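So you can see what is in the structure, the chains are spelled out below.
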Amino acid sequence: MSHTDPEILALRALGETAGTARDAEHAASCARCRAELARLTAVVRLARDTEPEAALQVPPPQVWDRIAAATGVSATLNGLAPGRPALNGSAAPAEPSAVLGTPVPPASPVTPEHSRASWLGRRRGAWPRGRLAGAIAGLAAGLIIGIGGAVGVAQLNQGPRPAAAQVVARIELSPLPQFPQWQGSTGTAVMRATASQQEIVITLRAPARSGFYEVWLLARDGVSMISLGDLSADHTGTFTVPPGVDLRDYSRIDISLQPFDGSTQHSKASVVRGSLPAAATARA
Amino acid sequence: MDRSSDEDVAAALCGGQPDALALVYERFGPLVYSIALRSLGIRSDAEDVTQQVFVSAWRSRDRFDRGRGTLGGWLVTITRNKVADALRDRQRDSRVLQQVTGGASVAAPEAPADRVVDRIVLTDELARLPEAQRLVMVLSFYSDLTHEQIARVLGLPLGTVKSHIRRGLQRLRSRLEADGVAY
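Going down the list, the sequences are from chains H and R. Mapping to my numbering: the first sequence position 88 is 88, numbers consecutive. For any residue, its number in my numbering is found by taking its place in the second sequence, counting from 1, and adding 1000.
The hints are simulated quantities; they were obtained by calculation from the structure and are not laboratory data. Because the structure is a prediction, the values reported are computed rather than measured. Any given hint could be a false lead.
Said to hold, decoys possible - If the Cβ cut is set under 7 angstroms, some of the chain H residues that face chain R in the computed set are: (1) Pro6; (2) Ala10; (3) Glu36; (4) Leu37; (5) Thr41; (6) Ala47; (7) Leu56; (8) Pro59; (9) Ile67; (10) Val201; (11) Leu204.
We put the beta carbon where it would ideally sit given N, CA and C, even for glycine.
Can you make the complete structure from the sequences, with help from the hints?
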């Protein structure tokens, strides 16, 4: 019998039960196919073992300056050149009343169905579309997220919270390697827990651009996301984590630049991003 | 970007093109910096190591032999050495501090964990897959969807999804074999 179809081996490496019983028999008895399967399985294991936090980080701009100085190389970077700031005066969003720091009001406790609404690109009202179309929209948004955890419904977090208000974590937000135009932008997110809720205080240092900056919580599944609200004109904002949202699932903070196009979905223009440390997302 | 552009970057470096270092840095800066950052944990230290790696690569570019390995693998090797040096410096500093203060002993320095390097190499290659293929691979790895479900959700023919998966896995594997450490 010929060797197992490479596509079947690839699917089996992913844990699917692909191929016929004869394929399985052959793959088990043939040294070559067995070795091939082992190599592919090792790739899959490494990939699944790779946390979302392992996403590549772009070195800050001064590193290249120092390299250029040390080597005498004068070339400028093409892709990593900082973007040209927008004209002065266009910094303030055009519709301030609509975008100035309006955190999503704490809604009723999140049910699993409620969480799934994030597949539909929820913000102020879900998209009136079928589940499949919504899933595709969510997946398209997931493209910008890269690697995520396993798809799953956000778990309820109804455990008791710390009694006193306290700073739980301070997270640096940095640009993603695939968006060199945001190179040089940074942000911080300070997480505070009060007796009844969790707050995230955002400060963004990014050029003024047309549009507005919006703050998101991204789930580990790389698909689901929750809009926390928009940054004010000075690029700051304080947001309440909606009750019931489990930050162990929604463990990344993302800031997007949103055009004034009326869409409630993530624009895919991720400016900066950061991960909540595990300690900050642990159940109190 | 695909594998051939890595080879273009390597060719530019070997050919001594004046903008070659910028090309190499743009392509591999995040890889080197991420390995350094994950291994050292402190941004300023990772920045120093990143600088050292590219300065050293530039000065010793004559020693890079394209016939013997990839540029990525060569840079990963330099990075691991520089990280080991940084950890040794750190240990020496803390030993001095320890002598001064009579404090507790410190752990011996280690090269970056091989698996850390491999994960970052994999992340880098995954990010370089064409968009549709990357999405298929991400769903294959991190969702519970089968390839049939992925095909349905993405509206792609089953054969396309299967081919993306096979080629995607092979490409990740080749990259890991070339530039990875423990894989």
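Task: Hint numbers not upheld by this structure, sorted from lowest to highest - done: Checked against the structure, the hints that fail are numbers 3, 4, 5, 10, 11, while the rest are satisfied.
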